[in-house]
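Colleague: Starting from the given sequences, assemble the full structure and let the hints guide the process.
Protein sequences appear in the order of chains A and B.
Each position in the first sequence, counted from 1, maps to that position plus 11 in the numbering used here.
Each position in the second sequence, counted from 1, maps to that position plus 11 in the numbering used here.
Computed list of lysine-lysine pairs in DSSO-like fashion (alpha-carbon distance at most 27 angstroms, straight line):
#1 Lys116/B with Lys125/A
#2 Lys28/B with Lys97/B
#3 Lys125/B with Lys28/A
#4 Lys28/B with Lys116/A
These are computed hints drawn from the structure, not numbers from a lab.
Please read these numbers as outputs of a predicted model, since none were measured by experiment.
Number of protein chains: 2
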Amino acid sequence: MNTVSVPQVISPEHLLKHWQGHRALTRHVIEAFPEKDFFEFSIGGMRPFSKLVSELLAIGVPALKGIVNRDEQPYSEAAVENLATKAAYLQKWDEATSEINQYFKQIPIEDFEKTFNLFGQYEFPIIENIFYFIDNEIHHRGQGYVYLRALGITPPFFWTRA
Amino acid sequence: MNTVSVPQVISPEHLLKHWQGHRALTRHVIEAFPEKDFFEFSIGGMRPFSKLVSELLAIGVPALKGIVNRDEQPYSEAAVENLATKAAYLQKWDEATSEINQYFKQIPIEDFEKTFNLFGQYEFPIIENIFYFIDNEIHHRGQGYVYLRALGITPPFFWTRA
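Modeller: This is the structure:
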C-alpha cells in the first residue's frame, strides 16, 4: 500500500486535520470581528477581512475540486461575491469544511507528488499547492489579527485548532 | 528504508526546503523595514517587527537543538535580546539558516512522529512542533506585511521563496 519511495513525515489524513484545525481558528477570527468592521475596516489600503476570507473560500473547495477532477478552471471569487453578512460567510465556511473533507479524501496518495496546473496558472506538485492554501490562510489570518488588535479586540489564541 | 506504516506525502528534505523557503521570504520582509520602524513601529499595542523576529530566532535553532538532543531547556529570548540593528538581526538570521539545516538533518525519519516535550512545555509529536514553527513564522510575518502597508511600503510578493 505504501507507494512512496523515500521516507515521509506526514500522512494525507494528518495534513487534512492540520488544515481543518487552521480553518477552525480562521472561523473564530471571522466571529471576533464586529459586523461592520468585517466588511469595512482596513489598514494601509489593504482589503477588509471579508475580502481576505472571500479569497480563502475561492481557493479551498474550488481548488480541491480542480485537483480531483483535473479541471483547470480559472480562479474566481464570483461564487462568494454576494455574501453580505458575517452569518452568510460563516455558513459558507461551514459548507466548505465538509466539502474540503470530501474532496481531499478523493486525492489518491500517489497523486500528491504529481504536477497539476491549478486554476490554469499554478503548475506545481499537488502537495505544494495544498501547502500554499494553508500558508496563504495563515498569512491572511495573521493580517486579520492586526486588524482586530487595531480595533481594540483580543484575537483568539494562535494555537486554537478546534 | 521506509519506516512508516501508512502512505505519507512529504519527505523531511522537502519539509526543510519548505521552511527555508519561508525563512527566505521573512528575511526579505526584515530587509523591507526602515531601520527605525523595525524596532519601533507597531499597531494596536502589538510588538514591533524586531520583537516578532526575536521570537522566530528564539524558536528555530534552539527548538531544533532541543529536539535533536532531547533537551527540554525552557524557551528564552536571552540570546537575541541584545540585537540592536537590522544588520545584526540579518546576520543572526543567516547563521540560523545554516544551523537549522544542520540540526534538522539530524532528526531520524522515525522520530518525527515521536512525542517530545519541547521547551519543557509543548508536548507534541515532533512533526507537529515543526509545523508549528513554520505556521507561527507565517503568522507573524503576515503581521509584518500589515506594518509595512501601514508605513506605505510595498511588501515582497507572498510567493517569494528564495
